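Produce the complete structure using the sequences and hints provided.
Number of protein chains: 4
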Amino acid sequence: MLRGLTRAGLGDIGSNERFIELAAQYGFQSVDASAKELVDAHGVDGARALLEKHGISIGSIGLIVQWRTTEEEFRAGLSGLAAHAEAAAQLGCTACTTYILPSTDYPAAHFMALATRRLRTCAQILGAYGVRLGLEFVGPHHLRTRWANPFIWTLQETLDWIDAIGEPNVGLLFDAYHWYTNELNVDDIRALRPSQIVHVHINDAPDVPVAEVLDNERLYTGEGVIDLVGFVRGLRDIGYTGAVAQEVLLPKPPAESPEKLLERSKAGFDKVFGAAGL
Amino acid sequence: MLRGLTRAGLGDIGSNERFIELAAQYGFQSVDASAKELVDAHGVDGARALLEKHGISIGSIGLIVQWRTTEEEFRAGLSGLAAHAEAAAQLGCTACTTYILPSTDYPAAHFMALATRRLRTCAQILGAYGVRLGLEFVGPHHLRTRWANPFIWTLQETLDWIDAIGEPNVGLLFDAYHWYTNELNVDDIRALRPSQIVHVHINDAPDVPVAEVLDNERLYTGEGVIDLVGFVRGLRDIGYTGAVAQEVLLPKPPAESPEKLLERSKAGFDKVFGAAGL
Amino acid sequence: MLRGLTRAGLGDIGSNERFIELAAQYGFQSVDASAKELVDAHGVDGARALLEKHGISIGSIGLIVQWRTTEEEFRAGLSGLAAHAEAAAQLGCTACTTYILPSTDYPAAHFMALATRRLRTCAQILGAYGVRLGLEFVGPHHLRTRWANPFIWTLQETLDWIDAIGEPNVGLLFDAYHWYTNELNVDDIRALRPSQIVHVHINDAPDVPVAEVLDNERLYTGEGVIDLVGFVRGLRDIGYTGAVAQEVLLPKPPAESPEKLLERSKAGFDKVFGAAGL
Amino acid sequence: MLRGLTRAGLGDIGSNERFIELAAQYGFQSVDASAKELVDAHGVDGARALLEKHGISIGSIGLIVQWRTTEEEFRAGLSGLAAHAEAAAQLGCTACTTYILPSTDYPAAHFMALATRRLRTCAQILGAYGVRLGLEFVGPHHLRTRWANPFIWTLQETLDWIDAIGEPNVGLLFDAYHWYTNELNVDDIRALRPSQIVHVHINDAPDVPVAEVLDNERLYTGEGVIDLVGFVRGLRDIGYTGAVAQEVLLPKPPAESPEKLLERSKAGFDKVFGAAGL
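Residue numbers (my numbering), protein chains in the order written: chain X, 840 to 1117; chain B, 840 to 1117; chain V, 840 to 1117; chain C, 840 to 1117.
If you are wondering where the hints come from, they were derived from the structure by calculation, not from laboratory data. Careful: at least some of the hints might be erroneous.
The calculated lysine-lysine pairs, modelled on DSSO-like cross-linking and capped at a C-alpha distance of 30 angstroms, are [what the hints assert, rightly or not]:
(1) LYS875(X) / LYS1110(X)
(2) LYS875(X) / LYS875(V)
(3) LYS875(B) / LYS875(C)
(4) LYS1091(B) / LYS1110(B)
Pairwise CB distance ranges (calculated) [claimed, not checked]:
(5) ALA1106(X) / ALA915(B): 46 to 56 angstroms
(6) TRP986(V) / VAL1047(C): 29 to 39 angstroms
(7) GLU1056(B) / ILE1077(V): 33 to 43 angstroms
(8) GLY919(C) / ALA1050(B): 41 to 51 angstroms
(9) GLU912(C) / HIS881(X): 51 to 61 angstroms
(10) GLY969(V) / ALA1050(B): 31 to 41 angstroms
(11) ALA847(B) / ALA880(V): 36 to 46 angstroms
The structure presented is a predicted model; accordingly, all values stated were derived computationally and were not measured. No residue lacks a Cβ here, since even glycine has one placed at the ideal position from N, Cα and C.
Here is the structure:
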C-alpha cells in the first residue's frame, strides 16, 4: 500500500508542483491530483518526469462530471471527461473517484435511476482509458437527513449499486471515516475482494457518539478513535496494494503551516502503518 | 393494431384453449397467455397449429420472475425464465411484461438499484430469444402511498429507468388506465417512438376525480371517461402496430358469463376502434 | 423521408454555410455535416438560426474516432467525441455514422473483438447525448479482397454485429449501393424495423455485372440501374421517416459546377421519389 | 491455491461421488464436476454435506451451452444454464468454464460477433448467481489450422475478447499447456491481476518442438518440460488463491487404474507445489 495524500487537511499547500514536492519530502508516495492539470502544464513527458523525480504517483483523479443535478450540467461536464481520463492514463493513474451524498432533494428512486445511467456513462468513458471509477459511500448520520429523501450510505447498498451500474471498472472508494460511521468492522473489509476497491481514504474521528460524528470535523490519521490499524490490516489481508490517501475535512482552515501538518500526517502514518506491520 | 385480451375482466373463462377459442369467436386477434403452458400441453407444432386455427397470436407473456422481494426469490424464478422465453419465441410472441408498483416498503433508492440489476438480467435472458420486456408504470394515486416509500409511477420516470437498465429490448407496457391517472394527453403518446412500446393495455375509468380512481375498479373499454379514441389514435399515429389488450381489474368476479363479457368487450372495441378510424 | 445531401458528388461546394444554402435552394431538407463546426463558427443559437432560416436539418455527423487502427489512435480521437455529440444534440441531429471496410489486414477475429469494444464505447458516449450510431456495411466485391482477411459486408452480418455491440442506440447506415452490391431486394428492407435504421444513403450504379461494380464509380440518383423506387418504397413501408442523403463517390472530381450537380441531383430525387409516390 | 482435479487423465473414475471420495483420499481439495448433477442426486443440503465430509470444493462447472454452432443449438442449451448456475452457487462454486478453438469453419469475423453476443448472454445468466465465466485460450499449433479460418489463441487476444464481451464476471481459464504452447513466460503471468483468472488447469508437455505439441498428448503434472514451478509461482505472486486443476488429455484411455493415476498425479503436485514453496 502506498502512503498517499489528498489536499484536505493540509491547509494552503499551493500548486500541484509544490504539493508533489512536499508529499515526497515527508515520505508520501502518492497524491490525489488532476492529471490533466499536470499534463497541460508540463506536457505528458514533463509531467511524467516531475512525478518520477519525486517518486510520486497520482493516487486518483476526481470525477469532473456533475451527475447529481440536471441533465444539462451532466452533459456539459461529460464532454471533458475523456481528456481527463486520457491524461490520467498517460501518467499511470488508474483511479477516478466521486462521493455519494446519503440523502437528496430529488425523489430517491428516480434519482437512483438517473444516477445509475449517468455514472455508467462516466465509467464507460473512463474504462476506454483503463481508468476505474471509485464510488465513496458517506456514513455520517447528520448527512442522512440533510436533504429531503434518504439515498444510500452503507457498504452493501454501494456494492449493490455497483452491480446495478454493471461496468467492470466500477468499485469502491473506501474511506475509514465512513467505515467507522457505518459501524463496520475488520471482517467487513476481509469479505471484500481487492478488485472491488479502487481507492482508499484515511483519517480519524473524535471521541463522540458515532451518531454525532460530523463529516467535516475529522481528525488527522492516528489522532482519534477509529481502529485504523485494523483498517489497514484488513486491506492488506485481502491483497489491496494501492494508495491510502489521507483526507481530513475540517470546519475551517487549519492554523498550522502545511509543513507542520505534513509532519503531523507523517507521524500518524508512521504510527498506524507501523503498528499494522506495514 | 391487434384487438387483444387479457383474462382480467372476463370472469372464469377457463383453459387457455377455451380462452383462445372464445377470443377468436368474438373477433379478437391476440390473447395474453403463457406460451410455455401451451407448448407444454401441445408441443411447439401443436401450439402453433392451435393459434393458427383460430387466427390468434400471443400478445404477451407475463414475467414469471419475482424481482420485487428477496434475492433468493429472484434467483429461484430466474432459472425458469429462459424456458418461458424460448416458448414465446417458438410461438412468435416477442413481448413479456411486468408492472411497477408506485411505492415500496424497501428503501426506495436501494430497491431501485437492486431492481435495475434484476430487470436487466431478465431482459438479457429474454433478449437471447428475441423477446422484449415491457415495463408498466402504474398511475392510481392510492397506490403511490400504499407502501412506506414512494417509488416511480410516471411515464418519464419509467423511460429514465429503461435507460438505466440499458438493454436494447426494454420498453413500455402502456396502459390506458395509467396514462389517464397520470393525466397525460395524446401529445405525450405522440412524443414516443413505436419502438419504445412493447405492449398496450386498454380499459376504462369511472367518472370520479382522477385522484380517487382505484386500480381495481376499472370499467370495460368504452364504458367510462378515458379518451380512448385519442389513446388509440395516438398509438396509430406513431406507428404502433402491436396488440392492444383489454385488462379490466375488478374488485370482485363479474356476475355476467364470459360470453356476455366478451360481447360487451367486443362492443367496446368496436366503438373505440371505429371512432378512431381503425 | 427527408431529401438529403452529403458533399460526395457535388464537387467543391465550399463552406458549410454555402452547402446549407445551396441544399435549400435546390429543394433538399438535410445535409450531412459537422455539427461541431457549425456550433464553433456560429454558437448554438446562431447555428440553429442558420439551419432554421434555410429549412435544413443535419442528417448525420461523421464519426471522428479512428476505430480501425491502433489503440493510441482510437483513444486520441475518442477524447473529442463527446463535444461532437453534444453539438449534434444541440442542433437536433441524432445520427452519427461510420463505414465498415469488408476486409482488413488485421487478423479478422481479433480485429472484430477490438472493433466491437471500440464502437461500443463510441456508442455509449453518443448515447449520452441522445445520438445514435449508424454502421454502414459496404458491398462492392473488389473491397472484399482488397486487404488480406475478409471482414464483414452483408446486412445480416452487420445486424449480428450490432447485437454483439449491444447498445440500444446502434443501427444501420443503409446505403442503396451496398444494398445493390449485396444483391438484396425490397423484402430484405421490409424485414427491418425502422428503429434499426439510423441513416440512409442513396446513389446509383452503372450497368455492369454486380461483381464488377466499383465503390468509387457511383452514378447520380436515378441515373443507373439500381431499383431506387423499390428502395425508397421499402423504407417508407416500414415507417422510416429520416433523411435519405445522396452520396456519389467518384474516381475524380466532377467537371460540372456544384449548381449543375445539384440540379441534376434534384432531378434524380424528383424522378425516384415521384415514382415512389413520396 | 487448491490442488484440483478434472476427470481428464484419470481413466474411468466412475461416479461423481467416487471422484470426490478418491480426490480427497489422494490429498486433493477440489474437483471440476457438475454441481447440478450433485444437487439433483443429493439435494442442496446433501450435496453440501457430501463435499464437506470429504473437504472437497467444486473448482468449476463446464459451460453446458453450445455457443460455437447454430443459434438453435445455442438457444436450446441456454434454457438450462440458469439451473446449472444456481446449483453451482448453492454449492459455493463460482467458476464456469469453456474453451476457445483456435480456428473455425465459419467466417472468422462474423463468428466472433456471434460468439461475443452468445458468451455475453451466458455470462449475464451466470452473473445473476455470482458465477464467473472463464475462457480458455488454446495454444497447440496444429489446432490453429485445423479448421478453415484462424480464430484466436493468444493470451492478449483473449483478454481483448473479454473486454469486448464487456461483463464484469468474465475472465481466463489459464491452462499451463496453452501458456507453454503460446511460448509465454512467468512475467506474462505476473502482468495479470488475480481477478482476471477464473480457473487454472495444470498438466505437462512432452519434449518435442513446441510447434509440434499436440493438444491431446499431454503428460501428467511434473512429468514433462513445462516450467510448472514458475507457472504456479507466478500465479501465487499475483495473489491467485483458487483451484489449480489437473487436466491431462490423452490420445487413448490410460492403462493404469484410477488409483495409480491419482497417486502419480499426487506425486506430480507434491513435486511442483513443493518446489514452488506452496
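Exercise for review: For the pair supplied as a hint, LYS875(X) and LYS875(V), confirm whether the alpha-carbon distance does not exceed 30 angstroms.
Suggested key: With Cα atoms ~23 angstroms apart, LYS875(X) and LYS875(V) stay inside 30 angstroms; holds.
Check your understanding: Measuring from beta carbon to beta carbon, are GLY969(V) and ALA1050(B) in 31 to 41 angstroms?
Key -> 34 angstroms, holds
Practice item. With respect to the beta-carbon atoms only, verify the hint that ALA847(B) and ALA880(V) lie 36 to 46 angstroms apart. Key: 58 angstroms, violated
**Study point:** 30 angstroms Cα cutoff - pair LYS875(B), LYS875(C)
**Key:** 23 angstroms, holds
Point to revise | Pairwise hint evaluation, LYS1110(X) against LYS875(X), where the allowed Cα distance is 30 angstroms at most | key: 34 angstroms, violated
Check your understanding: That 46 to 56 angstroms hint for ALA1106(X) and ALA915(B) (C-beta), does it hold up?
Key -> Once the Cβ atoms are compared, 55 angstroms apart, the range 46 to 56 angstroms for ALA915(B) and ALA1106(X) holds.
**Study point:** Hint consistency between LYS1091(B) and LYS1110(B) [alpha-carbon to alpha-carbon, up to 30 angstroms]
**Key:** 26 angstroms, holds
Exercise for review: Determine whether the Cβ-Cβ distance between TRP986(V) and VAL1047(C) falls within the hinted range of 29 to 39 angstroms.
Suggested key: With a Cβ separation near 36 angstroms, TRP986(V) and VAL1047(C) satisfy 29 to 39 angstroms, so the hint holds.
Point to revise | Cβ distance range 33 to 43 angstroms for GLU1056(B) and ILE1077(V), holds or violated | key: Once the Cβ atoms are compared, 41 angstroms apart, the range 33 to 43 angstroms for ILE1077(V) and GLU1056(B) holds.
Check your understanding: Between GLY919(C) and ALA1050(B), does the beta-carbon spacing fit 41 to 51 angstroms?
Key -> Distance hint for GLY919(C), ALA1050(B) holds at roughly 48 angstroms.
Exercise for review: Evaluate the given range 51 to 61 angstroms for the C-beta pair formed by GLU912(C) and HIS881(X).
Suggested key: Cβ of GLU912(C) to Cβ of HIS881(X): about 57 angstroms, so the range 51 to 61 angstroms holds.
When the structure is compared with the earlier hints, violations turn up for hints 1 and 11 and for no others.
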